[in-house]
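Colleague: Chain order of the listed sequences is W and P.
Here numbering that gives the first Met the number 0 is used: position 32 in the first sequence is 31, and no number is missing along the way.
Here numbering that gives the first Met the number 0 is used: position 51 in the second sequence is 50, and no number is missing along the way.
Among these hints, one or two may not hold up.
[Claimed, not checked] In silico SDA-like pairs for lysine to any residue, Cα to Cα no more than 20 angstroms straight-line:
{"no.": "1", "chain 1": "P", "residue 1": "K366", "chain 2": "P", "residue 2": "H403"}
{"no.": "2", "chain 1": "W", "residue 1": "K105", "chain 2": "P", "residue 2": "R455"}
{"no.": "3", "chain 1": "W", "residue 1": "K105", "chain 2": "P", "residue 2": "P781"}
{"no.": "4", "chain 1": "W", "residue 1": "K105", "chain 2": "P", "residue 2": "R575"}
{"no.": "5", "chain 1": "P", "residue 1": "K366", "chain 2": "P", "residue 2": "L276"}
{"no.": "6", "chain 1": "P", "residue 1": "K630", "chain 2": "W", "residue 2": "L31"}
{"no.": "7", "chain 1": "W", "residue 1": "K105", "chain 2": "P", "residue 2": "R780"}
{"no.": "8", "chain 1": "P", "residue 1": "K630", "chain 2": "P", "residue 2": "R693"}
{"no.": "9", "chain 1": "W", "residue 1": "K92", "chain 2": "P", "residue 2": "L15"}
{"no.": "10", "chain 1": "P", "residue 1": "K686", "chain 2": "W", "residue 2": "A22"}
{"no.": "11", "chain 1": "P", "residue 1": "K630", "chain 2": "P", "residue 2": "T552"}
{"no.": "12", "chain 1": "W", "residue 1": "K105", "chain 2": "P", "residue 2": "A566"}
{"no.": "13", "chain 1": "P", "residue 1": "K630", "chain 2": "W", "residue 2": "V38"}
{"no.": "14", "chain 1": "P", "residue 1": "K686", "chain 2": "W", "residue 2": "N99"}
{"no.": "15", "chain 1": "P", "residue 1": "K630", "chain 2": "P", "residue 2": "A566"}
{"no.": "16", "chain 1": "P", "residue 1": "K630", "chain 2": "W", "residue 2": "E106"}
{"no.": "17", "chain 1": "W", "residue 1": "K92", "chain 2": "P", "residue 2": "P682"}
{"no.": "18", "chain 1": "P", "residue 1": "K630", "chain 2": "W", "residue 2": "A52"}
{"no.": "19", "chain 1": "W", "residue 1": "K92", "chain 2": "P", "residue 2": "A566"}
{"no.": "20", "chain 1": "P", "residue 1": "K686", "chain 2": "P", "residue 2": "T671"}
{"no.": "21", "chain 1": "W", "residue 1": "K105", "chain 2": "P", "residue 2": "R572"}
{"no.": "22", "chain 1": "P", "residue 1": "K630", "chain 2": "P", "residue 2": "R683"}
{"no.": "23", "chain 1": "W", "residue 1": "K92", "chain 2": "P", "residue 2": "L775"}
{"no.": "24", "chain 1": "P", "residue 1": "K366", "chain 2": "P", "residue 2": "R455"}
{"no.": "25", "chain 1": "P", "residue 1": "K686", "chain 2": "W", "residue 2": "E106"}
{"no.": "26", "chain 1": "P", "residue 1": "K630", "chain 2": "W", "residue 2": "V86"}
None of these hints come from the bench; they were simulated from the model.
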Amino acid sequence: MEFLLASAIGAIVAAGVYLLLRARTFPVILGLGLLSYAVNLYLVASGRIAIGAPPLALEGATEFADPLPQALVLTAIVIGFAMTAFVVTLAIKARMTLNNDHVDGKE
Amino acid sequence: MTAATSLITLIALPFLGSVIAAFLPSNARNREAWVAGALALGALAIVISLHSAVADGGVVRLQLPWVPLLGLEFSLRMDGFAWMFALLITGIGFLVVLYARYYMSPEDPVPRFFSFLLAFMGAMLGVVLSGNLIQLAFFWELTSLFSFLLIGYWHHTGAARDGARMALIITGTGGLALLGGILVLGHIVGSYELDVVLAAGDAIRAHPLYLPALLLILLGAFTKSAQFPFQFWLPDAMAAPTPVSAYLHSATMVKAGVFLLARLWPVLSGTQEWFWLVTAAGLSTLVLGAYLAMFQQDLKGLLAYSTISHLGLITLLLGMNTPIAAVAGIFHIMNHATFKASLFMAAGIIDHETGTRDMRRLRGLRKALPITATLAIVASAAMAGVPLMNGFLSKEMFYTEALHTTTPFPLLGELLTYAAVVWGIFSVIYSLRFIHGVFFGPPADDLPREPHEPPRWMRFPIELLVLACLLVGVIPGRTIEPYLHTAVQGVLGEATPEYSLAVWHGFTLPLMMSLGAMFGGIALYATLRRFLLNRVDGPPLVRLVGRRIFERTLVFLSWRLARPLEARLFTWRLQRQLLIMVVVTLLVATAVLWGTDFSLPPIDWSAISPGLALVWLAGMACAIGAAYMAKFHRLAALILLGGAGLATCVTFVWFSAPDLALTQLMVEIATTVLLLLGLRWLPRRIKDARSTVRERSRRLRDLVIACVAGGGLGGLAFLVMTRPLPDSIARFFVERAYSEGGGTNIVNVILVDFRGFDTFGEITVLGIVALTVYALLRRFRPAPESIQRPKQQRLAAAHDDAHAARPRGDSIPQHMLVPSVIMRLMFPAAGALAIYLFLRGHNMPGGGFVGGLTLAIAIILQYMTGGTRWFEARWRINAVRWIALGLLCAAATGLGSWLFGHPFLTSHTRYIEIPLLGALPFASALLFDVGVFLLVVGATALLLLALAHQSIRSHRGQGVPAPTVSRKEKS
């Protein structure tokens with residue numbers, strides 16, 4: 000199971016980094032999105048994976064997945080969304096002001 | 000009010016006044032002066048009331064815990080010496096405020112002036128009253144900062160900007176050195192508390208780190224007090240308004256350096272190193288300053304160099320290692336403050352009344368300004384050290400010490416005596432230039448303005464200070480002696496020597512020296528008068544290189560060095576920067592992990608569940624497909640991105656993270672909508688015929704880097720997951736989530752309770768981002784080719800046009816009729832779901848974040864199906880207000896715990912029985928979560944709606960010139 004998750008993380012990172020290095024704003028935005036998936040998965044993985052053990056302190060529950068990375072990642076997901084929104088706006092604004100969509104600001 | 004609370008009030012008053020003054024309207028010259036004057040007077044009254052507590056060696060202390068865990072306290076301490084300084088700072092501060100009321104022109108932005116002046120006063124009080132050395136260094140830098148603002152007050156003139164910058168760089172750098180010295184000192188002693196440090200003199204002097212500490216501290220003190228070779232910033236600071244000069248040069252700023260020397264005198268002095276370093280700096284400054292002062296043609300320049308010279312005298316006295324010399328130094332601090340403040344004010348009046356400060360043009364002002372002339376003459380006499388003036392007394396003490404000091408080299412003792420006499424002669428000459436040149440002789444008829452006596456109250460501060468000079472000079476025993484004794488005891492304590500302040504000691508050698516210097520000075524002045532008057536500004540024989548070195552260094556650092564570095568190490572190209580960042584990250588990660596045990600456990604293929612494997616097969620394909628399609632097929636890439644997101648979401652469910660899965664799902668929807676909205680405004684890419692070799696090789700390079708990065712992080716993840724989990728703090732949260740947080744959903748309890756402060760920060764960031772996006776989109780002007788309606792809309796419009804019965808724009812709402820009706824019907828259900836998710840959050844998966852996102856998505860769905868115009872005509876979502884409300888709610892919950900005496904964001908838990916619903920958790924954390932909920936709704940809605948709204952805005956501008964668009968924006 001660990002191997003599966005690790006290779007998933009690896010594939011997403013590879014796709015994300017490749018997109019991050021592109022010249023146009025839209026691919027870079029997608030790359031950032033992919034990287035945030037990978038980082039979130041990695042953080043959750045760092046608390047080790049557990050199946051059928053949600054971090055709910057219900058009666059009778061003895062096994063818990065590590066709640067700490069989950070709390071971190073929960074806000075990270077929301078902040079990641081805000082970041083995407085910001086970058087999209089920045090890209091649109093740059094497109095309007097500089098009249099191109101190259102990340103360097105000029106072709 | 001006890002003595003200790005008076006101390007904190009004393010420090011707080013000027014800062015309070017600074018804030019009040021800053022917010023007063025700019026034309027309220029009187030009101031600002033009243034506020035500043037009243038506060039300065041109040042502070043002065045507090046200082047005076049504290050005298051009984053510090054007389055006879057008493058010390059007032061106040062310690063407020065600040066970071067108790069680190070042993071940090073806000074510590075105030077006032078002994079006799081600090082009291083004397085506080086008296087000078089507040090007393091002269093009050094007089095300066097009064098003077099500035101008349102000096103400042105109504106055109107100047109006066110609130111800024113008084114605000115800075117009061118803040119500067121507060122910082123200076125902080126320096127002298129700090130009971131902790133680090134705290135002292137903090138206030139020390141604060142004085143540098145506020146003096147920068149004050150010197151640069153008239154920032155439209157280049158001289159003010161340059162002078163302010165130079166003062167800041169020199170004194171700020173000195174402040175850094177001082178901080179270093181204090182850290183060394185604290186390391187030696189083991190404490191930064193002044194009381195402890197002052198008691199550890201012997202240990203400090205014997206320590207091998209004594210010399211480094213001494214050098215660093217002296218660097219701080221010498222730069223601040225403009226000692227040679229750092230004296231050059233002070234004359235340039237003359238670009239400040241005269242009240243500022245009067246304040247900076249008399250009671251504050253430059254006195255901070257000698258204050259520190261005297262403050263640490265008991266622990267640092269008494270060694271050879273101290274003697275050589277401090278005496279050398281003091282002696283050269285003393286002579287040099289006086290020499291340069293003679294050749295100034297600017298009134299304020301003369302006074303500035305004389306200040307440097309007198310500071311040299313104080314430094315020299317403190318460097319001589321004898322208690323009696325230290326007494327003379329402290330006495331001279333007080334005397335210099337009184338006569339120099341009055342002289343600067345007089346120079347300001349002359350400047351104000353005649354329109355010039357050039358001594359080559361000024362003469363015969365005695366007739367036009369009789370009272371000011373008299374006052375200035377008396378103050379100059381004190382500066383020259385004429386008998387029956389306060390300056391005379393401290394000068395006599397200096398002469399006595401110069402004669403009696405015992406140094407390892409007899410020659411040095413003699414040199415000191417001669418230097419003292421030469422300094423006396425120079426002082427007489429420059430004082431005479433000020434008096435004789437400016438006030439006597441035939442009246443000048445070519446002045447820019449016709450001089451008149453200034454208003455009564457503008458002269459009052461000078462009168463008071465000159466009166467003090469006289470009283471101290473004539474009857475020292477009955478005026479200054481007890482206060483001087485208080486101050487000296489503060490520094491020397493038990494070691495206070497016997498001294499007498501009598502005016503008449505008989506025909507002693509020091510008196511002879513004084514008289515000799517005086518007559519020599521008068522004779523020399525009479526000879527040199529013409530020569531001095533006809534010179535250009537600046538001295539003969541001596542060319543100081545300090546300023547030039549400073550300027551060269553600045554040019555080198557900010558230009559010669561910076562340009563090549565920028566050319567070699569920097570690029571404006573973001574694409575390249577990102578490439579460098581990724582590569583460097585990879586290199587650093589490799590370097591860190593080099594040599595780590597990489598033994599992998601065997602992969603257990605059978606444990607891999609086929610379901611998840613299938614999900615990820617699709618997920619990975621989606622991610623790679625998105626990367627492949629991103630350039631030319633953006634919509635496809637966007638859909639594929641969503642696929643990878645869904646796979647992530649399923650993984651969260653699989654591996655016991657239900658909260659994350661819920662949040663990811665909602666964010667996935669919101670992100671897709673967002674990117675769809677944004678995609679419309681980015682230019683489409685058409686596939687070129689062929690790509691060049693260069694382009695292909697670049698893509699290959701990026702692909703290699705991407706694969707290395709992916710392989711690296713994937714491998715790292717695998718290594719991490721297959722190692723046993725060390726005992727983390729997770730156990731703490733698991734055990735206490737219910738017993739202390741009152742909730743069974745541990746993740747939620749962490750978010751809203753244990754780590755509530757972090758969450759508070761995060762929702763603040765969210766709010767800021769939303770507002771920034773909103774602000775960025777306010778002046779929306781799309782590129783020409785995106786103004787056109789999308790193809791689908793144009794087709795629909797063409798269809799409408801082709802059928803005569805259909806009004807234009809009818810098609811699209813009809814297409815969307817069924818979904819929009821469904822969505823309208825579904826809205827209550829979606830809203831209920833949002834509230835349900837929110838309410839159960841404390842115990843089951845859900846919470847403010849998920850609930851908020853759900854509600855925001857329900858709203859944006861109405862927008863999508865109903866259309867922008869339909870939605871905006873019917874719904875009023877003031878998202879900014881939701882954000883504000885959410886943030887206030889969260890903050891108020893946090894602050895609420897203060898009412899019950901708990902730290903910020905302490906939560907309280909209780910279950911309340913509600914009919915029909917059963918027992919509901921009613922923790923104060925729930926209120927906090929309400930704040931999170933409101934803010935997330937507001938921020939998400941604002942982000943999406945701001946972007947969505949642009950579609951109708953741009954259409955309004957279609958075919959119409961741009962001004963129409965901007966006019967609509969304004970309305």
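Colleague: Between K92 of chain W and L775 of chain P, does the CA-CA distance stay at or below 20 angstroms?
Modeller: holds, 7 angstroms
Colleague: Verify the proposed pairing of K630 of chain P with A52 of chain W, using a straight-line Cα cut of 20 angstroms.
Modeller: violated, 41 angstroms
Colleague: Next pair to validate is K105 of chain W with A566 of chain P; report whether the Cα-Cα distance is within 20 angstroms.
Modeller: holds, 19 angstroms
Colleague: Compare the distance between the alpha carbons of K105 of chain W and R575 of chain P with 20 angstroms, and conclude whether the hinted pair is satisfied.
Modeller: holds, 13 angstroms
Colleague: Take the C-alpha atoms of K366 of chain P and R455 of chain P, compute the straight-line distance between them, and say whether it is at most 20 angstroms.
Modeller: Measuring from Cα to Cα gives roughly 17 angstroms; hence the hint holds.
Colleague: Within 20 angstroms, alpha carbon to alpha carbon, are K686 of chain P and E106 of chain W?
Modeller: holds, 16 angstroms
Colleague: Given the proposed pairing of K630 of chain P with R693 of chain P, does the C-alpha separation stay at or below 20 angstroms?
Modeller: The given pair, whose Cα atoms are some 17 angstroms apart, holds under the 20 angstroms limit.
Colleague: Taken at face value, is the distance from the CA of E106 of chain W to the CA of K630 of chain P at most 20 angstroms?
Modeller: Measuring from Cα to Cα gives roughly 15 angstroms; hence the hint holds.
Colleague: Would you check the hint for K686 of chain P and N99 of chain W, treating anything up to 20 angstroms between C-alpha atoms as holding?
Modeller: Holds. K686 of chain P to N99 of chain W sits at ~17 angstroms (cutoff 20 angstroms).
Colleague: Are the Cα positions of K105 of chain W and R780 of chain P separated by 20 angstroms at most?
Modeller: holds, 19 angstroms
Colleague: Take a quick look at whether K366 of chain P and L276 of chain P sit within 20 angstroms of each other, Cα to Cα.
Modeller: This hinted pair is violated, its Cα atoms lying about 48 angstroms apart.
Colleague: Mind checking the alpha carbons of K105 of chain W and R572 of chain P for me, to see if they're no more than 20 angstroms apart?
Modeller: holds, 9 angstroms
Violation of the numbered hints given earlier is confined to hints 1, 2, 5, 9, 11, 13, 15, 18, 19, 20; the remaining hints are satisfied by the structure.
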